[in-house]
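K.L.:
Start from the sequences and build out the full structure, keeping to the hints where you can.
Here UniProt numbering is used: the first residue of the sequence shown is 1, the next is one more, and so on.
By construction, these hints were calculated from the structure, which means they are not laboratory data.
Since no wrong hints were added, every one of them can be taken at face value.
Result set (DSSO-like, lysine-lysine): computed pairs, CA atoms no more than 30 Å apart in a straight line: (1) K261 <-> K172; (2) K273 <-> K172; (3) K43 <-> K106.
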Amino acid sequence: MASAARKNFDDIVDVMLWQDSSDDSSSSEDELDDLLLEFIFAKGDMKRLRDALQLPANYICSQGTIATGMEALMILLRRLAYPNRWCDLVPVFGRTVSELSLIFNKIMDDIYDRFHHLVDNLDLVWLDPEAFADAVYEKGAPLTGCWGFIDGTPRPIARPVRNQRIMYSGHKRTHCLKFQAKQKEPNFSHAFMLGVSGLSAKLRRFVQHNGEPYVIYGDPAYGITQNIISPFRQAHLTDDEQEFNTRMSKVRTCVEWGFAKICQNFAYLDFKKNLKILLQPVVNII
1 MASAARKNFD
11 DIVDVMLWQD
21 SSDDSSSSED
31 ELDDLLLEFI
41 FAKGDMKRLR
51 DALQLPANYI
61 CSQGTIATGM
71 EALMILLRRL
81 AYPNRWCDLV
91 PVFGRTVSEL
101 SLIFNKIMDD
111 IYDRFHHLVD
121 NLDLVWLDPE
131 AFADAVYEKG
141 APLTGCWGFI
151 DGTPRPIARP
161 VRNQRIMYSG
171 HKRTHCLKFQ
181 AKQKEPNFSH
191 AFMLGVSGLS
201 AKLRRFVQHN
211 GEPYVIYGDP
221 AYGITQNIIS
231 PFRQAHLTDD
241 EQEFNTRMSK
251 VRTCVEWGFA
261 KICQNFAYLD
271 FKKNLKILLQ
281 PVVNII
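P.N.:
As structure tokens, then:
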């Protein structure tokens with residue numbers, strides 16, 4: 001009965017990922033291409049993404065629901081691609097609302113548990129402060145040792161039924177979670193988030209050949225430390241100080257692009273009414 005209700009999802013996945021090897025294009029193939037646009041990634045990339053994420057063959061949810069790794073991945077991508085309700089996805093996947101929710105939470109928790117170190121840790125093989133600093137300088141920055149930028153962004157969420165005051169931001173006048181690059185805390189200032197994240201200690205290991213520290217650049221709320229600098233803030237700036245602020249402001253906009261790119265690719269993250277912190281792992285999702 002349950003198998004019939006699901007319409008044999010394994011076959012549905014095969015159809016969704018099917019690619020015509022013939023030279024002639026058809027309307028059905030165009031329709032399949034349009035369908036895969038709803039999953040963010042192209043057909044040819046879906047299996048590569050599954051293998052790169054090292055997803056298991058099957059996920060088993062708490063109440064016994066079983067979903068293949070590819071099925072769970074497609075549910076995850078379809079959910080994040082655009083604001084939607086679970087009932088909207090029932091006809092697509094042939095699953096009940098509760099099953100879709102359980103599978104989504106299961107794969108999200110699994111991916112976060114295995115890969116969150118990639119955003120928490122600065123000890124990464126591809127992280128080359130010297131190359132990054134050269135790129136920032138070539139874009140017009142007055143500093144030769146600035147290799148990155150830091151910023152915080154509040155992500156609105158649905159008003160929780162409990163602990164509303166903890167999640168409320170008086171500055172933004174909304175309930176939200178606040179993210180600082182790789183560290184996330186609700187309703188705290190940039191400076192407080194910097195302290196609890198331990199980022200300052202992680203940055204001390206980055207030193208230039210001449211012994212000077214590499215630095216990252218943030219807004220005035222971060223202040224100035226050994227590895228973090230911010231704009232000049234005096235009431236009356238000299239011409240050189242004003243030029244420094246202007247040039248650094250131009251290159252610093254890339255940190256805003258990063259936040260915007262995430263919401264552009266995963267539009268569901270910008271739909272606060274469905275980001276319910278007591279019903280789903282909102283912190284892991286964002």
